[in-house]
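**Student:** Read off the chains here:
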Amino acid sequence: MSDAGAARPATDWPLFEVFIRSRSGLEHKHVGSLHAADARMAIEHARDVYTRRQEGVSIWVMRSADIIASDPAEADSLFEPARDKVYRHPTFYAIPDEVKNL
Amino acid sequence: MSAAAEVPAGGDAALEAARLRYVLRLADTSLVLGQRLGEWVGHAPALEEDLGLANLALDLIGQARLLLGYAAELEGRGRDEDALAFLRDAPQFLNLTLAEQPNGDFADTIVRQWLIDAWQLEIYTGLSGSADGRLAAIAAKSLKETRYHYRFSGGWLTRLGDGTDESHARTQRALESLWRFTEELFAPDEVDERMSAAGIAPPLAEAGARWRERIAADLRRATLPCPARQPHPWHGKRGVHTEYLGHLLAEMQHLQRTYPGARW
Amino acid sequence: MYTQALDSQGREPVAAPAAEAAASAAFQARIDAEEKVEPKDWMPQAYRQTLIRQISQHAHSEIVGMLPEGNWITRAPTLRRKAVLIAKVQDEGGHGMYLYSAAETLGISRAQMVEQLLSGAAKYSSIFNYPTLTWADVGAIGWLVDGAAIMNQIPICRCSYGPYARAMVRICKEESFHQRQGFEIMLTLAQGSEAQRVMAQDALNRWWWPSIMMFGPPDADSKHTTQSMRWKIKRFSNDELRQKFIDITVPQAQFLELTIPDPQLRWDEAAQHFRIGPIDWSEFQAVLQGNGPCNRERLEARRAAHRAGEWVREAAAAHAAKQPRREGNQT
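Residue numbers (numbering that gives the first Met the number 0), protein chains in the order written: chain A, 0 to 101; chain B, 0 to 263; chain C, 0 to 330.
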């Protein structure tokens with residue numbers, strides 16, 4: 000029971016991000032967000048909103064506020080250096096056709 | 000699809016009459032409750048709850064269709080699920096009286112839902128082992144839905160009971176108002192007795208005891224007092240209803256009654 | 000679909016300092032290269048504001064749209080129709096949620112958007128201010144209104160803003176059952192009893208022109224389309240989409256053997272298009288201004304639901320606040 004003297008409880012439900020694994024063997028994919036008062040409700044809402052067409056075997060929810068994201072302004076320094084390291088890709092290497100299994 | 004009953008149908012007239020009534024009780028309870036939930040769509044406390052309640056309604060209508068389809072076969076008069084749903088009058092409906100109670104506010108709806116979900120949990124669990132193969136199959140499928148319904152309604156019972164002073168008061172009021180309809184849930188009559196004797200339905204007395212334990216635990220978690228048991232003058236299972244059912248059916252059946260014989 | 004606001008937008012920045020101008024140019028280059036804009040990317044204020052208005056109006060339309068159809072759930076004439084209608088309305092609620100979710104990535108909260116709708120500040124598609132008077136209206140809405148929606152929505156699957164485009168892809172996948180459901184109802188009625196055929200024709204008479212108006216004012220009167228097209232928020236003009244809808248739908252009405260309520264409807268052999276008579280834009284304006292048949296009722300219903308639900312939302316939040324914060328695990 001709430002204290003009589005406390006401030007009016009906020010009625011805003013926090014935002015949660017939803018991730019669904021649609022089939023065994025696949026990763027969880029971000030599908031959107033929803034509002035819920037608590038984690039249990041968030042799972043139920045995610046189930047009701049995002050798996051109506053059998054699109055799910057597993058649901059993850061997390062509070063949006065807990066997501067830590069890379070800064071798009073730093074995209075250059077975070078991702079650009081990998082662009083010129085083409086030797087990480089198999090197509091960089093020329094192997095004669097007669098050689099099998101490579 | 001004919002009834003794959005291990006208890007052979009057609010042998011014992013009294014048993015068959017009881018079986019039909021038993022199936023209709025299950026069917027009508029799901030139908031009437033589903034109809035009530037359909038009234039909420041677009042008016043729920045939050046958009047997410049609109050979807051949640053609609054989901055429950057869909058499951059219940061689905062159960063009603065399967066059960067009414069079976070009832071129509073048992074009846075053997077060439078009727079189908081729609082004829083049973085739209086052309087019977089209130090005295091022929093055999094739903095639990097609790098199911099037809101009005102939506103009221105969200106607390107009334109959640110309390111009604113939770114009480115019936117816990118009932119369905121017992122009944123469908125018991126029916127999963129029924130000597131009537133058709134009922135067993137329907138029950139097994141419905142049980143998965145009921146587990147989710149119970150999780151949903153039980154969760155809300157706790158949030159409302161142990162939320163704010165206002166939500167607690169409203170939920171308590173709802174509980175007091177609806178509790179008088181709960182005795183009917185597990186009070187066996189001759190139909191129930193025939194069904195459990197034939198291994199078709201779970202014995203009600205034991206199911207009732209388990210239900211009461213579960214209800215009491217849920218109420219404790221929701222910080223709500225458990226009302227005392229009350230005698231039950233209502234007999235929805237026997238076609239004797241409250242005034243609410245007539246209005247519900249008038250609305251539900253309007254089109255079929257106004258355009259007799261039309262295909263929709 | 001319910002994207003009549005595509006033609007309105009935020010104010011253009013008055014004078015952009017050099018850095019802003021450079022950023023805007025770079026932004027436009029990304030758009031031109033068909034790159035997607037994602038939530039934390041830099042974007043011009045006007046782009047952000049246009050999208051917020053656009054997406055939230057779209058979301059509001061889905062939510063309000065639950066009401067005219069929800070009106071017939073308890074009276075659906077068969078159990079199958081009842082189930083299908085509940086599923087459809089549930090989908091619409093879900094679409095509203097996907098869209099609110101997309102809008103929230105732009106910096107507006109659900110609570111703010113709901114407040115805008117309920118106060119009357121935000122708009123929603125005019126079509127939902129019409130009443131559903133018969134069961135045939137449910138069919139007409141599925142066939143015509145969802146049909147128009149699909150026409151509007153498919154191009155938006157390729158819009159430049161990532162979350163909006165992705166929400167639209169999801170929505171479009173779900174929307175096609177809606178239209179088929181509606182058409183199937185119309186077909187059953189049109190091939191049914193005389194009373195049912197009359198019911199279907201009556202619904203078509205009332206829903207045809209409002210559906211045509213869903214595509215918004217004629218291109219000549221749409222001042223802001225150019226900027227929205229340049230930003231790839233809007234991909235086809237109102238008139239283009241409207242014409243496409245007409246060309247697809249008229250043959251469907253012919254198949255139903257129902258008459259489109261337009262004595263001037265004709266086939267233009269040279270252009271290979273159906274041509275319609277004049278649209279009564281004064282009706283459209285009246286509905287947009289709040290004087291349609293159901294504007295008051297629709298908003299009042301949403302306000303009532305919101306008000307009545309206040310204690311519920313409070314209770315859930317209060318209950319959550321009482322729980323110890325769990326470390327992540329299964330629930």
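Treat the hints as calculated values from the structure; they're not laboratory data.
There's no promise every hint is true.
Stated by the list, open to error - Restricting the straight-line Cα-Cα distance to at most 30 Å, the calculated cross-link-like pairs of lysine-lysine (DSSO-like) are:
#1 C/Lys321 to C/Lys231
#2 A/Lys28 to C/Lys35
#3 C/Lys222 to B/Lys140
#4 B/Lys140 to A/Lys28
#5 B/Lys140 to A/Lys99
#6 A/Lys28 to C/Lys39
#7 C/Lys243 to A/Lys28
#8 B/Lys143 to C/Lys172
#9 C/Lys243 to C/Lys321
#10 C/Lys122 to C/Lys231
**Student:** None of the hints should be skipped; say for each whether it holds.
**Tutor:** Hints versus structure:
For the proposed pair C/Lys321 and C/Lys231, the alpha carbon gap of about 46 Å is over 30 Å, so the pair is violated. With a C-alpha separation of about 18 Å, the suggested pair A/Lys28 and C/Lys35 falls inside the 30 Å cut-off, and the hint holds. At most 30 Å may separate the alpha-carbon atoms for a hinted pair to count; C/Lys222 and B/Lys140 exceed this at roughly 56 Å. Of the supplied pair hints, the one linking B/Lys140 and A/Lys28 holds, its CA atoms being roughly 29 Å apart against a limit of 30 Å.
Distance restraint check for B/Lys140 and A/Lys99: the Cα-Cα separation of roughly 52 Å exceeds the 30 Å cut-off, and the hinted pair is therefore not satisfied. For the hint pairing A/Lys28 with C/Lys39, the CA-to-CA distance comes to about 19 Å; that is within 30 Å, so the pair holds. As the CA atoms of C/Lys243 and A/Lys28 are separated by approximately 35 Å, the hinted pair breaks the 30 Å bound. With a C-alpha separation of about 27 Å, the suggested pair B/Lys143 and C/Lys172 falls inside the 30 Å cut-off, and the hint holds.
At roughly 55 Å between alpha-carbon atoms, C/Lys243 and C/Lys321 are farther apart than 30 Å, so this suggested pair is violated. Of the pairs offered as hints, the one joining C/Lys122 and C/Lys231 holds, with about 22 Å between alpha carbons and a cut-off of 30 Å not exceeded.
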